[in-house]
Amino acid sequence: MYVYRIMLLLVFVGYLLSPVLMNGWASPDSVWYRPFVIWGVLIALSLWLEQKRALDEG
Amino acid sequence: MRVEGLSPLLLVGGGYLALLFLCALAVERRWFPSRLVHHPAIYTLALGVYASAWAIYGSMELAGRVGYGYLAYYLGAAGAVLLAPVLLLPIQRLTRTYQLASLADLFAFRFRSRWVGTLVTVISAMAVLPLLALQVQTLGQAIQQLTGTASPALAALGFCLVIAVFAVVFGARHTHLNAHQDTLLAVIAVESLVKLAAMLALGAIALFGIFDGPSDLQAWLEGPGLTHQAGISELDAGQWRTLLLLFFAAAFLMPHMFHLTFAERLSSRALLQAGWSLPLYLLLMALPVPLILWGAQRASIAPPGLESAYLAFALSASPWVDALAFLAGLAAASGTLIIIALALSGMILNHLVLVAHPPDHRGDLYRWLRWLRRALVVAVILSGWLYYRTLGLAHDLTTLGIASFSGMAQCLPGLLALLYWPGANRKGMVSGLLVGTGLWVLGLWLPLVTELPPWVLVPPGLESLSSAPAWYSVTLVALAANAVILIVVSLLTRTSEGERTAAEACAADPVIRPKRLPLSVSHGEDFKHHLTPALGADVAGREVERALASLELTSWEHRPYALRRLRDRIQANLSGLMGPSVAQDIVDRCLPYRRNGAGLGKEPVDDIHFVESRLEAYRSRLTGLARELDGLRRYHRRTLTQLPIGLCAFGDDDELLMWNDALAALSGIDGERVVGAHRDSLPAPWAELLGRLLSNGQRHLYKQPVTLAGSTRYLSLHQATLDTDDDAYGGRVILIEDHSEMKWLEDELVHAARLASIGQLSAGVAHEIGNPITGISSLAQNLRYDTDDPALLETADQIQSLTERVSRIVGSLVGFAHGGHQDNTGRYATAKPRELTDEALHLIQLARTGQDVTYHNHCPADLELEADVQRMVQVMINLLGNARDASPAGGAIEIDARRLEDGEGRNGIEWSVTDAGTGIDARVRDHLFEPFTTTKAPGEGTGLGLALVYGILAEHQGRIQTESPPTGRESGTRIVMWLPVSRRPLSKEDNELPHEPDSDR
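So the protein sequences, as listed, match chains A and B.
For reference, each letter of the first sequence is one residue, going 1 to 58 in my numbering.
For reference, each letter of the second sequence is one residue, going 10001 to 11001 in my numbering.
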């Protein structure tokens, strides 16, 4: 459940800050694939959280 | 290079649809291994249906307008699945428990109103229509791009019809809306794979065919590409967040997503795995979008007037690239059309058709529902085509898509309240939904179907919204108004009891406390009769059997608890068939609870057993204090369950709530079989016994004789009333102690005392008889001297013979009565086992019992030993008496003796008595030589005989053991004694008997 709370918090904070984050990630000065790389990192993070959850509840 | 005519269309489109049918057939015929069909990746790919034609063409259009803002479509959905544990799993739990197949079902269930379901269905249909049109429109436009035909509508209609046929054949064959459909899931997964592969191929063509890889693309973006990016207008923060919220809601509210996520019964594990795998899929789908856009911009071969949504067709002049772009769109559109049609047809059937025409008295209910649903599937898909033909062409994909998503988002406040706010009620939800939807209809939906301009309500203080895009202002204001009205009206109005119960069931952390109400039906078969008027005999029978099978109950189940679960399951199954509103109507009407029945003057109480079973099921979800408390609950429950004394508990309504392990062992009745039953329906003798205690008001009943498993046992019962002052759970708890052993012991002691008295009396009587017998014998002797008459002499001989026999009997009686420890010094003499056996047999045969048993004394006449003759006769009497009692009528008892040295080399005699009885129970065998151990019925044996035998043999330095059955036989018992031929000098220790006799000694 603690994992869920972390996830909830991350998603909510991400939602609030998403315009700022998107502007930063997709700024013309950066490489075109940067948003996708960051997205990939977030997927890896959620995969880690999911595995942790599975271990906790397993 | 464009290939004119319909041949490429037939080749690519027809070939693709043929592949779909083939794939479906392969899954149906089980050509694929089951492990592959049920792999979690299949579920993730099936959820990829979210990436509709919007993801192929609409995203391109949006990316051309707002740059990376197009990612909101993917990130919103990714956020929704990332929140699966707190958002999707609670919904999944509800839909699975109550067999809810759609959002309308869920709302109708929670807010306890069929009209709520109807309202949500109408809103869903209105909201989904633009999305359906978008799919068909992109299909038409793609056909136009592929074939160059000016009028693609007919070809699009052809595709729609083929897709409709597919949906009918493979998606609408089950009557129950939430029937698990492997075929459909597998086909949608294949479609997701095809569109992903096509998009990645198009992206690769752009990146490596038009550009020379990522670096070249970067260089182009920083150079010539800047002019193309100049037209992009970035979304402001508010618009971005609103767009993100819309797509977040769309990921589980859109009918097709709700259907796949919840009605298709994905496992919880698959749903949690989708938390990372679906975002990964969406990432791969989103990545090629800007590549294709930039590639087409650089290639500069797009014909004038080509909409940016279809730039994939302008990547290259190759017909293969066109085919790929068409294939991606077709795969996306067909999957979305199929699932939307199935989902929407179910909602319309349950909440419009069945509400308007209840299916009462319909014999062919299943068939009728199936065909109705199939017709609705076709109608839904054709409505999308009609919308496209009449109205859709005038609008771009972004307008259609966002209008659709914004409409469905109006259900978001209601859904969140459903999960997280038990205080929300029907009036609040309906008011909020009506106002929000009204604003959406006026602002976005009506402008789609009429010439009317968007009407936006701008609240005071938010005038800046008037200059913002209509979709943004309308969505924001409609959602805010919806949420505020829901909260305010819910707070100001009363919530019905039914709604409160449903709210508890729907809460994300439910504390479900169902009431223990009795039903008017008495057993499973009765359910069929009661449901027949509503469903027809055939359907009623099948639905009841289905529910019984899933609960593993028999049709003659009569426990109130089981009947309540059966009623719930039937309602849930009917909900899957006809929706929750109709199902609830039927069940309430046909299977009502008895609220004013006999003995039901009390307020209905919570169904503790059900609450506990739910707690057990949800244990892994409890955290923190709740988990600690649950651990405590389990500990106390285990204490009661494993208490070594029988315990049962009854509720105030005399329903059995607990039947612990010790009571199960004593009664031979498994707790699972009786918990939930009414006291009167318990098996004999428990109904009468417990009823006697509970009804007469006594706190204790001592040593009540009951027959259990063919033997009489004596039970003591103690009851306590559970105080209900500070707790809703009342009732009575009963402790049941088995006092049979103690009762038998008491009886044996009384019997032994009586026997001892009789023994003393016998000795006295024997002594008194001895004197006259001696006199008679003397007189007979005198008679011999006084006469020569042969007849009188013979009479005198007979008198003397008979008096000797009487003297021998009296002597034996006296010897037997003097059993126990005595000072036997000097009483040892040489004796022959054969003669001792004969004497014992002589006494035994005087008894009236066992006359039909034969005795065979095989002891050799030459065997001798040193023994106390009287006491050894007593030993044999006991052994032979036991053998006689154990033998069947006509049985034979064998007495053998032989010389045998013991382990120390001492000469001895092995002396045995063998019967043909049933043998000795292994549990008794270990205690056979202990005092008061007997296998005979109470009153028939003292339980002292073998203990006495053991003691006498110990005095003789012998030992005794049992064989049951004897070696070489299938039944019977052999008692084997070993006695030394001569005694060795005794030490002090030898004179002391062992305290715990052992049968092996």
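Any given hint could turn out to be false.
Said to hold, decoys possible - Rough simulated footprint, nothing fancy, chain A against chain B, three-plus residues with beta-carbon under 8 Å:
1. 10275–10281
2. 10765–10776
As the list claims (entries may be wrong) - Here are the simulated distance ranges between beta carbons:
3. A/Ser27 to B/Gly10209: 22 to 30 Å
4. A/Ser27 to B/Ala10317: 29 to 37 Å
5. A/Ser27 to B/Arg10096: 56 to 64 Å
No lab work stands behind these hints: they were computed from the structure.
Don't be surprised by glycine CBs; every beta carbon is placed ideally from N, CA and C.
Range agreement (Cβ of B/Gly10209 with Cβ of A/Ser27, hint 22 to 30 Å):
Cβ of A/Ser27 to Cβ of B/Gly10209: about 28 Å, so the range 22 to 30 Å holds.
Pairwise beta carbon distance, A/Ser27 to B/Ala10317, judged against the given window 29 to 37 Å:
Taking Cβ atoms as reference, A/Ser27 and B/Ala10317 lie about 35 Å apart, which means the hint holds.
Between the stretch 10275–10281 of chain B and chain A, see if three or more residues pass the 8 Å beta-carbon test, and mark the coverage as holds or violated.
With 4 residues in contact (Cβ-Cβ under 8 Å with chain A), the coverage given for the stretch 10275–10281 of chain B holds.
Does the Cβ distance between A/Ser27 and B/Arg10096 fall inside 56 to 64 Å?
45 Å, violated
Coverage of the stretch 10765–10776 of chain B by chain A (three or more Cβ within 8 Å):
Since three or more residues must qualify, the claim that chain A covers the stretch 10765–10776 of chain B is violated, with 0 doing so at under 8 Å.
Of the numbered hints given earlier, the model fails hints 2, 5; all others are met.
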